[in-house]
Amino acid sequence: MKLSITARLALLAIGLALVSSLALAGFVWQQTHDDAIGELRRDTIEQSDTFVAVFRSGGLKALDATIAGSSADDDSLVAEVVDATGHRLLGAGPEHLVARPVAEPFRIGVLGADGDWAKQESGFTIRPLGNHWLVSGRMLDDWERAQRTIERALLLAVLLAVVLGVAGGLVLTRYVSRRLDRIAGAVDAVAAGDLGRRVAVARGEGAGDAFDRLALRINGMLDRIDGLMGELRVVTDSIAHDLRSPIARLRGRAETAVTAEDPATRETALSGLIPETDLVMRMLGVLLEISRTEAATRDAFIPLDPALLIEEIADLYAPVAEEAGLAFEVTAEAPPAPVPLHRELLSQAIANLIDNAMRHAAAGGNIALLLSVKAGALRIAVADRGAGIAADDRAEALRRFGRLDSARSLPGAGLGLALAEAVARLHGGRLELGDNAPGLIATLVLPLPAAKLGA
Amino acid sequence: MTRKILIIEDDAASAAYLAKGLSEAGFATEIATNGRDGLFLASEDIFDAMVVDRMLPGLDGLSVIGGARAAGIRTPALVLSALGTVDDRVAGLHAGADDYLTKPFSFAELLARIEALLRRRERQASDVQAIRLTVGDLEIDLLGRTVTRQGRAILLGAREFNLLEFLARNAGQVITRTMMIEKIWNYHFDPGSNVVDVHMSRLRRKIEEGFATPILHTVRGAGYKLSPEA
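Read top to bottom, the protein sequences are chains A and B. Per my numbering, the first sequence runs over residues 665 to 1119. Per my numbering, the second sequence runs over residues 23 to 252.
Simulated from the structure, these hints should not be mistaken for laboratory data. Some hints could be false.
[Claimed, not checked] What follows is a set of in silico ranges between Cβ atoms, one per label pair, in the way DEER data are often shown:
{"no.": "1", "chain 1": "A", "residue 1": "D890", "chain 2": "B", "residue 2": "A47", "range": "35 to 43 Å"}
{"no.": "2", "chain 1": "A", "residue 1": "G916", "chain 2": "B", "residue 2": "Q172", "range": "16 to 24 Å"}
{"no.": "3", "chain 1": "B", "residue 1": "D33", "chain 2": "A", "residue 2": "L948", "range": "27 to 35 Å"}
{"no.": "4", "chain 1": "A", "residue 1": "A912", "chain 2": "B", "residue 2": "A47", "range": "48 to 56 Å"}
{"no.": "5", "chain 1": "A", "residue 1": "E931", "chain 2": "B", "residue 2": "R25", "range": "26 to 34 Å"}
{"no.": "6", "chain 1": "A", "residue 1": "G916", "chain 2": "B", "residue 2": "G43", "range": "26 to 34 Å"}
{"no.": "7", "chain 1": "B", "residue 1": "E46", "chain 2": "A", "residue 2": "R888", "range": "22 to 30 Å"}
{"no.": "8", "chain 1": "B", "residue 1": "L164", "chain 2": "A", "residue 2": "L948", "range": "35 to 43 Å"}
We put the CB at the ideal spot given by N, CA and C, even for glycine.
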């Protein structure tokens, strides 16, 4: 049978309490115990064997004489013959036994019903002797009594430990399962669709235990899920919105072509279909690329010289910027050792940043492409001198289709930054948007693998 | 001799569209509608090129190409696929395809790529290492990496030289913008806007300015063509 985790936890707590108290009791017993009791037992049995032998050879009379001889100077000695009711017939010891005699090989306990015998324990044996019973033994001395007390105390301590262990186990289990239930409750609520639900985390004194840390992590994860869901919603809405205009234009042109009487008009309308289709295709392509990038593995990473990668992409774009009347500067500082990178996607991300910069750069301005290594990360920055993005709008700009309203009139699908961010995330980094005063500086921050730092 | 193209495509409408377009361009075509038939036909080794859809019933497109290659069939293969991300393309090219085109595509793009594959194969077959390419009055020295037109030296950057060499090797054929991005810059994404056009207009300025006749032509809706005739 498989026990539930709470039951196992409870058993573990009980077991631990038991083991620790047993170890402690065992230690105390081992330190205080000596063989006094064992000696008493041996003496008692030996003595009773002697009395039985005397009785066998000489009968009650000889026994009486022997007892009288050995008990004369010791009143702690028991050596008597009792009848079936426990009444003394001869010898030394209590007048009456506390109970009717039964055969006992060796026992420690209160023996007599009167005098000192009733107050203190004795070690004794009871053996049948014809119709009577022979009781022999000795009252415990101080040391032996102390031993008995310690042993009893230790036994009680062990029993107490079991009880406390069970109680502690139950309390612990209830505490743990209550804390876990609180987390599970929130997770269940989210799974059931209440995406806003979070695990309550204690604040102030005593906050920050392991459960709180777990709760914080789970809340972080739920925030991310919530964010992704929200993003997905935005994407769906935006696809509907942003694809609608090119598709509407597409439809309009197709309609014009169908209804046009004049072949030249029809020709113009038809040739306009292709760029509109291409725009839609490009938007869908980039969107697909983003979602694939977010789920991509690092299999396609190959060690590359970042400076070379920058140089290649600059080679592609520098003439384009110059044609547009923009100065294009490339600065590749301290190229580090080859770094594992996804050449295609990283190039595309940088291309998107450059494309974005060119679209927003003021005429006659410049665009700078900078490669540097700072704080264990590769930083690839694209800076322009355009209008920039207000600090409040930067998160919006990274969202898919998150083209800012002021830029809505410009061409472009508004997916470039989102792809660049996805690529940065694939490399374990992030995309930072900063102020170039004036203008925007977009930086891909890609942490370098730790092993490469020393190289 | 009519050149034969094998089309392996399960979607009947797409296959018919391809066959119609290719025969209008002067090719003979044959259609296989699943991977097994396609591999069987390809094994006959009678085709000059094959156009293979990536997603096929039975045997997928990349396996068809792999099977043909294993059987020693070197027919150039162009893969068509709706899977258009960068990694998909790279995987397709690694699997033995010679070229990769994402659906939907423009027919001009497909045609340009098929022509390029065929020419590349012919070049390999003739097995002559060209050291000099001549297109009309334009001469390209591949060893010295120099270009002259009508005897006048033209100074080109390294990338411009590569572009011109690529166009000259396919002289008279249309080269699309994406083909240039793939072959010259080795990128498999769409760099957007007019990146290739800017590079081409620079190249054109260098090889046409001061000369009477144009030699680098823009083919509307398709790409560019290096040719002494318009």
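Each hint tested on the structure:
1. A:D890 <-> B:A47: 35 to 43 Å: 54 Å, violated
2. A:G916 <-> B:Q172: 16 to 24 Å: 49 Å, violated
3. B:D33 <-> A:L948: 27 to 35 Å: 19 Å, violated
4. A:A912 <-> B:A47: 48 to 56 Å: 34 Å, violated
5. A:E931 <-> B:R25: 26 to 34 Å: 31 Å, holds
6. A:G916 <-> B:G43: 26 to 34 Å: 27 Å, holds
7. B:E46 <-> A:R888: 22 to 30 Å: 53 Å, violated
8. B:L164 <-> A:L948: 35 to 43 Å: 41 Å, holds
The structure is inconsistent with the numbered hints 1, 2, 3, 4, 7, although it conforms to all the rest.
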